[in-house]
Amino acid sequence: MDFEIPDELHYTSDDEWVHTEDDFVTLGVTDFAQQQLGDIVYVELPSVGDQLESGVAFGVIESVKTVSDLNAPISGQVVAINEELVDQPEIINEECYGGGWIIKVKPSNQDQIDSLLDADSYRKIVSKRST
Amino acid sequence: MTLKRTPLYEAHRSLGARMIEFGGFELPVQYTSIREEHCAVREAAGLFDASHMGRIEFEGSDAIAAADGLFSRNLTGLEPGRVQYGLLCNENGGVVDDITCYRVSEGFAFWCVNASNIEKDHRWILDHVASAAGVHNASEETGLLAVQGPASEAILSKVGAPEAAALRRFRFAQMQVADCPAFVSRTGYTGADGFEIYLSSGDLPQVFDALLGEGEPLGLRPAGLGARDTLRLEAALPLYGHELDDDTSPLAAGLERFVDLETGGFIGAEAIARDRDAGLEQQLVGFELEERGVARAGCAVALAGETIGRVTSGGPSPTLGKSIGLAYVSAGVTEPGSGFQVVVRDRALQARVVETPFV
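Chains A and B, in that order, are what the protein sequence lines are. First residue of the first sequence? That's 1 in our numbering, and the numbers climb one at a time after it. First residue of the second sequence? That's 1 in our numbering, and the numbers climb one at a time after it.
Any given hint could be a false lead.
Under the rule of at most 35 Å between Cα atoms (straight-line distance), these lysine-lysine pairs were calculated in the DSBU-like manner [unchecked claim]:
#1 LYS104/A - LYS128/A
#2 LYS4/B - LYS124/A
#3 LYS322/B - LYS104/A
#4 LYS128/A - LYS4/B
These aren't lab readings, by the way, just hints derived from the structure by calculation.
Using the sequences provided together with the hints, build the complete structure.
Take a look at the structure:
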């Protein structure tokens, strides 16, 4: 199978992507993740203002068959949530790197971003798992 | 434990299926998308490899009479060419398995049993018959394909089995399908019109390929266990291990019409009759969620803060666009319209009892 893994993003080993902007980051799940999950039917989102702790679940994503935790790749404060996912969670299947973004976070520790995976490292992890 | 594979394992892989474990077998959960495969069955047709299901045969009047003593309905009186859904029960009235029974001729019948229960059922039978003669576990050498959906009749016709169209619901006949000898029954596990096709294992790839090739122009798609589960849930058909098990009464599961207590004469009949007279504390109901979320098997059912039951199956209904489920609940809240909460990850989501089947 083919998975899109854009070069300009950062990644976690549990299949989330992170896009860094000036003073916040946007995050979502990768193409590999959405293909593994299948048809996504529900996303449980945090609230704006919630504090995230790196490695701790901040939400849940449900497909027809399975339930997965969304784990915070970094610590910080939620500054925006993608309200469109409430009515149309399937956007994640359609455009996981675009309209299917999940939340925006103001990082509390810049070092955590530097320790995320680059596209090449994530590509290696995925290619091992998908064989 | 090594997982078993059906003769179609390579065919599934080459169609891009994602494989999972089910009932000791490695089987396709989906080829492209559970939702798409589900909708194909509702709108056109789906092709399922159900070869994991077991088959136990009874040959001769003694074997058939012995089987009748284990079956919740009247097997001896079942006419050749008819299929019956029914139960094997234990002495306490719990369900050993839920099966379909095929009466081929006066002297021959077979049961289609759940994959996870093949060994258990076979042992159960041998432990309760006077003689093992005439009882044969044919699960290894036989296979099962299901074509389900409104286009099924046209598809069977295109693979050389137009006589399938003459079958009424729960009837079956021997015929050639794609030049292979088969028992074809108008039955299924999806709530849709369709056929189940019993074959020799060796003939599975040829018939599978023929059905796919001839059926695709009519909208047929290969469909996996994921769609099989969402379809059977919409039809409110029980899944052994979820709605049924060794400790669950068929009456609680709403299966009284498949239990012949008037004639009786099968193991468990007395216990089930006692349950019927005493009344049951829990009853299986269908519900839909009135809030966003997905109820899953194992979720607690609550009313006014008290746990009153548990969800046995649940998930999104692709046809209805709602979250639906089946749950055992206390006797007071079983009427359609009754409300309760389903506890999903510490959140109590409002749910309402609805009529089943859901679609």
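Each hint, compared with the structure:
Distance check on the hinted pair: LYS104/A and LYS128/A sit about 30 Å apart at the alpha-carbon level, within 35 Å; holds. A C-alpha spacing of about 31 Å is found between LYS4/B and LYS124/A, which places the hinted pair at or below 35 Å, so the restraint holds. As the CA atoms of LYS322/B and LYS104/A are separated by approximately 29 Å, the hinted pair is consistent with the 35 Å bound. Proximity of LYS128/A to LYS4/B is assessed by CA-CA distance (about 24 Å); at most 35 Å being required, the pair is judged to hold.
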